[in-house]
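Chemist: Kindly generate the complete structure, drawing on both the sequences and the hints.
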Amino acid sequence: MSHFPIATALRDKTVLVCVGAGGVGKTTIAASLGLRSSVDGRAALVCTIDPARRLATSLGLAELGNTETPIARELFHAAGLVPRAALSAMMLDMKASWDHLIERLTTPEQRARIFSNRVYQSVSSTLAGSQEYIAMEKLRELRLERSYPLIVLDTPPTSHALDFLDAPNRVLDFLDNEAARFLLSPVAAAGKVGFRLFRLSTTRASKVLAKFTGQRTLEELANFIMVMSELNPDFRSKAEEVRALLTNTNTAFVIVASPNLERLDEVVRLHTVLLQNRIAVAAVVANRVHFPVPETAWAEAKAFPAPLRDRLLETLAEHAAAARMDQRGVSYLQRLCLPTPVVEVPRFDLDVHDLTALWKVSRYLVGERITEWATE
Amino acid sequence: MSFALANRLVFVTGKGGVGKSSVATALALGFAGRGLRTLVCELNVQERVSTLLERPQAGPAVTRLEENLWSVNITPDEALREVALMRLRVETLYRAVFENRLVKSFLRVIPSLQEVLMLGKVVFHAQEKEATGSYRFDRVVVDAPATGHAISFLMVPQVVVDTVPPGPLAREAKNMRDLLVDERQTAVVLVTTPEEMPLKETAELCEKLRNEARVWPRCVALNNFIDPRFTQEDLQSLRASSHVLSSLAQVHEARASQSAAAVAFLDHKLGLPVVKLPRLFTPEFGRQEVCALSRCLGPWLGDAQ
Numbered sequence: 282m283s284h285f286p287i288a289t290a291l292r293d294k295t296v297l298v299c300v301g302a303g304g305v306g307k308t309t310i311a312a313s314l315g316l317r318s319s320v321d322g323r324a325a326l327v328c329t330i331d332p333a334r335r336l337a338t339s340l341g342l343a344e345l346g347n348t349e350t351p352i353a354r355e356l357f358h359a360a361g362l363v364p365r366a367a368l369s370a371m372m373l374d375m376k377a378s379w380d381h382l383i384e385r386l387t388t389p390e391q392r393a394r395i396f397s398n399r400v401y402q403s404v405s406s407t408l409a410g411s412q413e414y415i416a417m418e419k420l421r422e423l424r425l426e427r428s429y430p431l432i433v434l435d436t437p438p439t440s441h442a443l444d445f446l447d448a449p450n451r452v453l454d455f456l457d458n459e460a461a462r463f464l465l466s467p468v469a470a471a472g473k474v475g476f477r478l479f480r481l482s483t484t485r486a487s488k489v490l491a492k493f494t495g496q497r498t499l500e501e502l503a504n505f506i507m508v509m510s511e512l513n514p515d516f517r518s519k520a521e522e523v524r525a526l527l528t529n530t531n532t533a534f535v536i537v538a539s540p541n542l543e544r545l546d547e548v549v550r551l552h553t554v555l556l557q558n559r560i561a562v563a564a565v566v567a568n569r570v571h572f573p574v575p576e577t578a579w580a581e582a583k584a585f586p587a588p589l590r591d592r593l594l595e596t597l598a599e600h601a602a603a604a605r606m607d608q609r610g611v612s613y614l615q616r617l618c619l620p621t622p623v624v625e626v627p628r629f630d631l632d633v634h635d636l637t638a639l640w641k642v643s644r645y646l647v648g649e650r651i652t653e654w655a656t657e
Numbered sequence: 639m640s641f642a643l644a645n646r647l648v649f650v651t652g653k654g655g656v657g658k659s660s661v662a663t664a665l666a667l668g669f670a671g672r673g674l675r676t677l678v679c680e681l682n683v684q685e686r687v688s689t690l691l692e693r694p695q696a697g698p699a700v701t702r703l704e705e706n707l708w709s710v711n712i713t714p715d716e717a718l719r720e721v722a723l724m725r726l727r728v729e730t731l732y733r734a735v736f737e738n739r740l741v742k743s744f745l746r747v748i749p750s751l752q753e754v755l756m757l758g759k760v761v762f763h764a765q766e767k768e769a770t771g772s773y774r775f776d777r778v779v780v781d782a783p784a785t786g787h788a789i790s791f792l793m794v795p796q797v798v799v800d801t802v803p804p805g806p807l808a809r810e811a812k813n814m815r816d817l818l819v820d821e822r823q824t825a826v827v828l829v830t831t832p833e834e835m836p837l838k839e840t841a842e843l844c845e846k847l848r849n850e851a852r853v854w855p856r857c858v859a860l861n862n863f864i865d866p867r868f869t870q871e872d873l874q875s876l877r878a879s880s881h882v883l884s885s886l887a888q889v890h891e892a893r894a895s896q897s898a899a900a901v902a903f904l905d906h907k908l909g910l911p912v913v914k915l916p917r918l919f920t921p922e923f924g925r926q927e928v929c930a931l932s933r934c935l936g937p938w939l940g941d942a943q
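Those protein sequences? They're chains F and E, same order as listed. Going by my numbering, 469 is the number at position 188 of the first sequence; the sequence numbering is gapless. Going by my numbering, 868 is the number at position 230 of the second sequence; the sequence numbering is gapless.
It should be emphasised that the hints constitute simulated quantities derived from the structure, not laboratory data. In this text, all values refer to a predicted model and were calculated from it rather than measured experimentally. Don't take every hint at face value.
Only pairs whose alpha carbons sit at most 20 Å apart, straight line, appear in this in silico EDC-like list of lysine to aspartate or glutamate [said to hold, decoys possible]:
1) 376/F to 349/F
2) 641/F to 872/E
3) 914/E to 834/E
4) 583/F to 692/E
5) 846/E to 547/F
6) 907/E to 850/E
7) 914/E to 390/F
8) 583/F to 872/E
9) 376/F to 834/E
10) 838/E to 635/F
11) 376/F to 800/E
12) 641/F to 871/E
Modeler: The following block contains the structure:
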């Protein structure tokens, strides 16, 4: 295992996927990785799904669209940086990406039936797992069709990081639903449109279900599943490709976590499940860690007269308490995520929201700086 | 600003990691402490409310935690069972149909069904009455999903009303929608920290709640609030003498002024009453800390200010 795991990953991998629970700073880490790669000479694309537009703000863009946008050189210069390769960013628009996918897979006639179905509307925007599915699909498309040396994918802010792995399967289940086919068992008539909701109207199960959802809901759903099932082979083969991409040796995951102890079981579980799925994890990033203050600071504080002395001691005590808690979290991760290295990024004074700050984060990520209190 | 949270149904939301669960728990504890029978709902998550209060896990059944306080972790499966049983009235029929593996996997894919079921159970408890005709709970506090998902969660009833053809599901959804948009009965409490990103998301969420979901944000809990501590002279003399102490003090003051700016922003931009919750530096976050937060929420609970 490399001593500088993220530096190695930035040099060798072609896909980096940032995963973690909502609110831990995934988007910041993803943007910071992309920035680092571009400054170091490997062009990168950062792709986020964040509906809250955090990445755009971090990269100094007012708005990020569903297409790849290059980050202006002036922004780099303003931060005192020189990009040796291009950096691009995009924000996935779920609805547009679904429409795009359907357009590519269907005949105009199929397309019309899908787009006009009310169930499709909600699948493409609200079906649980839909975001995750389309994110993976987009990643597959970008990797196969574009030539970026590195793609960094920021994943949706799930409350449970594990949902991310499960979600695409849920969507595939939806599209290829054994139960649906059983219940709705279409009897294809001679014509193209003709199918009857044979069992739907006859089985006891579907009668009971209809009582619950209403008969028409079942029918609309049946219609939708019928059209979509024609596309199933395509969805399946794409899913296979995604799977292959994730387990490819050129792909690695970066788990982002806050050092807050009560949330760490989930991080450990995520790490275990990724490894079980033969997915490489480059590093666990413990983000926004309070680094311990050098011991000498206490003596220095005591040398000041009151009331400044008391103010300093109170501040030192608070900081030490926070640092102790975070350190417990970090060692917990180190113990339970072996052999994956844990990389610490300190909590900065203020929010990370420009290239200067993202650059600073990247220096910790690649191991250039390991203590917050070292003078510049 | 004088203000009291008098709504029967309260959703607590905010960006992930800002302390939603702690605030929801503190709020519920506050209601209960004032003699209001209160139910806290968590939505299919790793349970935190009971843990914070240092009680055994509540699980998917309404469980009494202490005087006037109940908790439930709503799961879609359990909610479905309850709804289906209410409609079918026969347990064996429910088992035969809904616990059938095929039917189960089919139900999983009905769009928004999980959210409708969970929200349905929340609404059920908010409207649940005793045999005497009085409400079973005076307050229902929901630890709602984080910002990105909060809007889609609270809009689910409307989406179902718009997309699902008339039928029992659509009828349920309409009942939910009507309760959610009724500002006398339902309120949203926003939780944020003073940092730029959470504030920005809070502002966006607030606007969407008002304009799209029409579920009313009533107040903001500003968590991790930091008061100023050092004077300008302090900072001056530190700058000359100690790098570490000077930067610690500067960080403290930067966070304090960020906190003050956040209050101004929330007050003026969003026009919502703000309660400041101080950042707590304790090795554990448990019952004692929740009680401390609960005391800070006093003004919303009708305490004299």
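Chemist: Evaluate each hint against the coordinates.
Modeler: Against the structure, the hints:
no.	hint	in the structure
1	376/F to 349/F	holds, 17 Å
2	641/F to 872/E	violated, 28 Å
3	914/E to 834/E	holds, 16 Å
4	583/F to 692/E	violated, 38 Å
5	846/E to 547/F	violated, 31 Å
6	907/E to 850/E	holds, 18 Å
7	914/E to 390/F	violated, 58 Å
8	583/F to 872/E	holds, 14 Å
9	376/F to 834/E	violated, 28 Å
10	838/E to 635/F	holds, 15 Å
11	376/F to 800/E	holds, 18 Å
12	641/F to 871/E	violated, 30 Å
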